[in-house]
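Colleague: Now for the letters of each chain:
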Amino acid sequence: MPGQAAPTPRTTRKSRGLRFLTDSCLGDSDQVSRRRSSGTPTRATNFTRALSTSTWADPGTPAPRARLAQPSPLSATSALEADSEEQQQAATPSPSLPSVVRRPLYPPPVVLPPATPYAHGPLPSSSSPLEHPRVTAIRIRRRIASPRTPSRFNRYITKFIDATPSISPARAPKSPGSETRLFKQRREQEGEEKFARELWILLRNDSYMRGCWCGPPNIFNSRDEAEAAVGHLRFYLAGSVDKKFRVLQKKDDFRWHCNCGNKEYHAVYQNLVNSNGKRPAEDSEIDLISQNQDSKRGKSIDRAIPAPTESTSDEEEQPQAPAIIPAESSKPAQSMWAQACGIVSRAVVTMGSPLVTLLGTLREQLRGDAYEILDSRRQNTGNGTITVKRMKRQAPLPATEQPASEVEDDGFDNLVWTDDPTKRIGFENLQRLADIFVSQSESVKNNTITLGQSIAAIRLEIQEGQDLSTSIAVHQYREHMFGPMSAEDSDDKQAKQWTDTMEEYLGKLGLCINFLQRVYDRDRLEELKGKYATPPRHLPLGSPTFRLCAGMVGRFLTFIRSLQTVSNIDTPTLEAISQMIVDANAVHKQELLPSFVEQKLELTESMPGYFPEDKASAIEEIPADDFEFQRLYDHRFPEPETSDWPSQVGPGYFRLVPKRKGILKPSKEWHAPASPGYVATPEKTKKLSFINPVHKFIPPTHIPSKIMTPEEAARIVGPKFQADIVRDEHSIRVFEATRTVDRDGHPLLENEDRFSLDALERDDKEMGLTYLAKKYDGFINDVQDEMEKRAEEDKENRTKTSLKLTPRRRIVQMPYPRFPSTPEMRQRRAHLCADVASSPAASSPGINPLMSRKTEEQPPKPIQKKPGPSSLEDFFAQDNDLDLQLDISTRKFEQLQIDRQIKDEVESAALRSAEDKRKREEEEALREQEWRLEEQRRRREEERRREQEAQRQREEERRREQEAQRQRDAEEFAALTGLRAPTRPLITPLSSDWNLRVSNATNANSQTELAKTLEGQPLTRRDFEEKLLPPTAWLNDNVIIGSILHIADYVNKAKGATDQEPQCAAFTSYFWPRLLSHGAGGCGRLLRRAGVRKANLLDIDTILIPICEQSHWTLAVIRPGKRTVTHVDSMRGGHGDESVKTKLLELVRFILEDQFVEADWKAVDYEGPRQTNGWDCGVFTITNAMCMALGLNPRFTYTERQLTLQRRRLAAMLLNEGFKGDFSLDGF
Amino acid sequence: MADNAENGSPTQPGPEMGGPQANEHLNIKVTDNNNEVFFKIKRSTKLEKLMTAFCERQGKTLASVRFLFEGQRVQPTDTPDTLEMQDGDTLEVHQEQVGGC
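Protein chains in written order, with the UniProt record's numbering: chain C, 1 to 1228; chain S, 1 to 101.
The set of hints was computed from the structure by calculation and includes no laboratory data. Keep in mind that a hint or two might mislead.
[As the list claims (entries may be wrong)] The calculated label-pair distances, taken between Cβ atoms and stated as ranges, are:
| # | chain 1 | residue 1 | chain 2 | residue 2 | range |
| --- | --- | --- | --- | --- | --- |
| 1 | C | K1012 | S | S44 | 40 to 46 Å |
| 2 | C | E961 | S | K60 | 32 to 38 Å |
| 3 | S | N27 | C | K1012 | 25 to 31 Å |
| 4 | C | A1159 | S | H94 | 34 to 40 Å |
| 5 | C | D1226 | S | H94 | 34 to 40 Å |
| 6 | S | N35 | C | G1221 | 43 to 49 Å |
| 7 | C | E971 | S | S44 | 26 to 32 Å |
| 8 | C | K1012 | S | H94 | 18 to 24 Å |
| 9 | S | N35 | C | E971 | 54 to 60 Å |
| 10 | C | T1199 | S | K60 | 35 to 41 Å |
| 11 | C | N1096 | S | P76 | 30 to 36 Å |
We put the beta carbon where it would ideally sit given N, CA and C, even for glycine.
Work the whole structure out from these sequences, hints included.
Modeller: Below is the structure:
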């Protein structure tokens, strides 16, 4: 098995970047660790000896305690190569190509799980260090993305343009021989079904991870379809009943299976590709890397940027300053911009530093303390030159272990114990510190220090053999303890202060030395390692007393650090002090010491071109000056955040604020209305309930709630097909996802960002990215290589053959068969050749002119070279000559074609003319028939028209007769009733004067009495504006009664009758209800007022009674002179209600008593204009009353349309208070 | 009602003419079918007073109601004298008559 699975190492690959990376990642962890640990040999320490402690490790120990931060490139490479060779010899003893291979291109072979391994996901990480599946998954993709072979891109483009299969069957034989040996072998080895499936999944993964539009490779339904399709690899389903998944290769098809060629990787994915905690450097960062290459590993990016910090007091930098520019420019990868920046900044600093020094001196002088500027680096301390690393602040809780799940990821998981506690600060630095402490304590002990009033005094008084720096330190410490020295203090007190100071100082130095010994001790670290597997968050180190002392050490070291303002402390020492402060702080607070831990080292961290990713890191880097030592108590019980405002508020700040008033008053109490009808609406207790239960409205499940569109169906069909055929987890998941769709009907895949780490891991598990890539990557690459190679060969062959055989191929491509070899044809050919040979210009025009032109175009060269044959035998003898035969055959073929074409044309022309003729005849016949039909139709129509005219004439006659009859009737009726047509129009437009008066009336004061009826009723604006003048207003009783009384008044006046002996009597509209309710007996008063009595009733011409019943005005009329009663209802066109007439007759009978002769009286109907709207009945009533009073027939007097004008006339008449003056009814 | 009609008949105004002076005040009932309101007014008082009082009491406007005495419309300027009203006579209150269709 291992021999079979061993991939063939290839030497043709040039771009190995990714593969190299992959190999290093996939390599044995031992190898990596070995590479990492291969540093410089350990160094002996004399620091321990100086301290004379027994806890330090023996200097002769070969254990790699200290190591270089970055392994030298040479050693790394050699280690890698050595590893690779080892590996190769152990794993792949390939006998075929042992000498060519310098390092293995593939990971060592892994024993594969037997069946459907992709279903189980990648191999368990314990057996193989496949921690980053994406790295292996990208290995196939690399080939398509890299623009190595431009020819392939052309091919992709052409394929994209013509997607139809263009390979002729001859070039793609159906034989299984079209597959390469490599392919067949592999297929036999894997088994057909499994091979096809895995290959398909591999290619699907490829396109999926590329985020490519062309999708997974097609799966054809049968082998035939696959044969007809395009692509180097084709998948199909074999078998009719039980479909079997198969793949075939087309050796001669040089299109890769995928449709898209030039496809870049997804950017996000690219980011993740190398994410071993690293990301690939961008172009702009390359410069920085090259500058930063020899700087210490693990420093932040900021430090790589050329900052104006180089002209510090570092001795080794100062002399280089003038030579900086050529030195910098010799660096190859530095950009112009960085150079320019560096030059400018350096110039500024160089020019500025004397100035700054001067300023500092001046400042010191002004303060009155002649401090010397000893350390010009002070200018830069705020620049972050010295940074310390400290652990991130934990919550100030007691040192109990918290379960990791409760704490969010703060980077503590990435920490490991370090090998050497002195590594962070540096062994030499610690040693130097220890030296300083020891020497200072000895100076103090031996009293070789100078005591003085000020530093300047000390400097002046210093003697040979005295320790200046210790003197200054002690002086400062005294000030630190007791404050500045004052001259008033007594000598005793001063002496005591000095003694105390020196004692204290000595004690603190001892503490520091003790701290150094006990903390930076490897054995102690080993103990801790044994106690805690991983670095805990809270680490109680030593006894409580020790921790207390650590706090003192921290404070003392802070003081020491502050000495840099007055004394010369070199940078490494200062840095070491700062780091030590951090450590002491950590010990004091039972926190993890930064010196004890380090970040988990990533594999590729040491490779150039990578920056650490922005991960949560437990260790943070801050400027040393920002770090303040904090007491444990302050740390545990931090003071609450205080702001200025509450602290300022004292009793004096409070003042009385008057109660607000005036803006929001309490709301006024509103009493409930006194109306007795007011009842509060009762609360509704009834609730809405369904008559039918709700479940009856839920549609049954077997009826689809929505019909799928074809697009939606297609979205399901594809995944379903793949899930059925391929049956891997990913396909099934994609298919399952189609069951739930979003609002647009797209499948709802739960993780849209498939390049997130989680998604990648899941995909790797589901799709077998790593596994398949590892298994088949080399194979696929080989297949592709072979294909490319063959394509190139084919191309070369084609160019060769095309040079040789162009004419022959042209003939072959013609769809017609080769020349028929019948005798007639031969004869004709010979004849033609003879023609051409004898006179190419004068070829027979009988055949066709086209052909002659063709022959003219022929180059005459070969014909002249070969004169025409003398006989047929000669001609055939020349057949051997290939060139001539080809020439002749070409020309012959063309002639034949042209002949055929002409014949076809002639035939088709004849056919067309015959067809035309037939068509024309048919059309003519058709037209004739149409014309005949048209004629018939016209005749019939004329007859009908004549008939209609006759009928119309008859009808007209009838109508005229009817009209005459009606007129006669009307005349008779008029004679009977005394009603006649008016001599002039009754309703005429008003004069402008009256119009104005009417308009004024509508604008009058509402209380003003505009007119008075005869009854004495005042008429106000309301009566005119609301009840009369609007065209659709309903008339009220005031208008009706007023008008009718005026009518009666006019008639009486015109006929010279008095009120008590009237010719025309009028009642108010309240007469009728009283008549109905009280009977005629109850109306005595009204009858008397109207002047109607038994004695004079028969002398009265007209009695007008307006009736308002159910919002409808009608008019009842009694004409005692004619002995008629009538009821005029405009809605019925003048006819009246029988009950009204009966009532009228009763009234007449009541009045006349014994004089009533029933036979004389009759109820008649007059025809009048009919009301068609819903508002004019009042005007109808008045106008009818006018007609009746005047003896006019309403039908001939007015029409409905005039009534809007009549409203205005009536208004004017009422204002005029009677039918007088302009409204006189004389002469009708 | 029939009494009123009898009383109000012009055939016997004679004996009544002395009455008004005799009893200065007379009680008049005003009714609109639902409510009955009694007023005690002088014979010479204009009925306008009575009408407005009634309208105010019933929450109606004067323009929308018609007061009828035995079927005859009562004008604001009328007095019980002009209408020859007797003690205990009734004024009927009708709605304004409006019609259109």
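Colleague: Evaluate each hint against the coordinates.
Modeller: Tested hints:
1. Separation of K1012 (chain C) from S44 (chain S) is about 21 Å and departs from the stated range, judged on CB atoms against 40 to 46 Å.
2. For E961 (chain C) and K60 (chain S), the Cβ-Cβ distance of about 60 Å falls outside the hinted range of 32 to 38 Å, so the restraint is violated.
3. Distance hint check: the CB atoms of N27 (chain S) and K1012 (chain C) are about 30 Å apart, consistent with the given range 25 to 31 Å.
4. Between A1159 (chain C) and H94 (chain S) the beta carbons are some 38 Å apart, a value that agrees with the proposed interval 34 to 40 Å.
5. For D1226 (chain C) and H94 (chain S), the Cβ-Cβ distance of about 36 Å falls inside the hinted range of 34 to 40 Å, so the restraint holds.
6. Checked against the given bound of 43 to 49 Å, the beta carbons of N35 (chain S) and G1221 (chain C), roughly 45 Å apart, stay inside it.
7. The hinted window of 26 to 32 Å between E971 (chain C) and S44 (chain S) is violated, with their beta carbons roughly 59 Å apart.
8. As the Cβ distance of K1012 (chain C) to H94 (chain S) is approximately 20 Å, the hint placing it in 18 to 24 Å holds.
9. Judged by the Cβ atoms, the range 54 to 60 Å given for N35 (chain S) and E971 (chain C) holds: they are separated by roughly 57 Å.
10. Between T1199 (chain C) and K60 (chain S) the CB atoms are about 39 Å apart, so this pair conforms to the stated range of 35 to 41 Å.
11. Against the hinted window of 30 to 36 Å, the Cβ-Cβ separation of N1096 (chain C) and P76 (chain S) comes to about 32 Å, which satisfies the hint.
The structure fails hints 1, 2, 7 (numbered hints given earlier, in ascending order).
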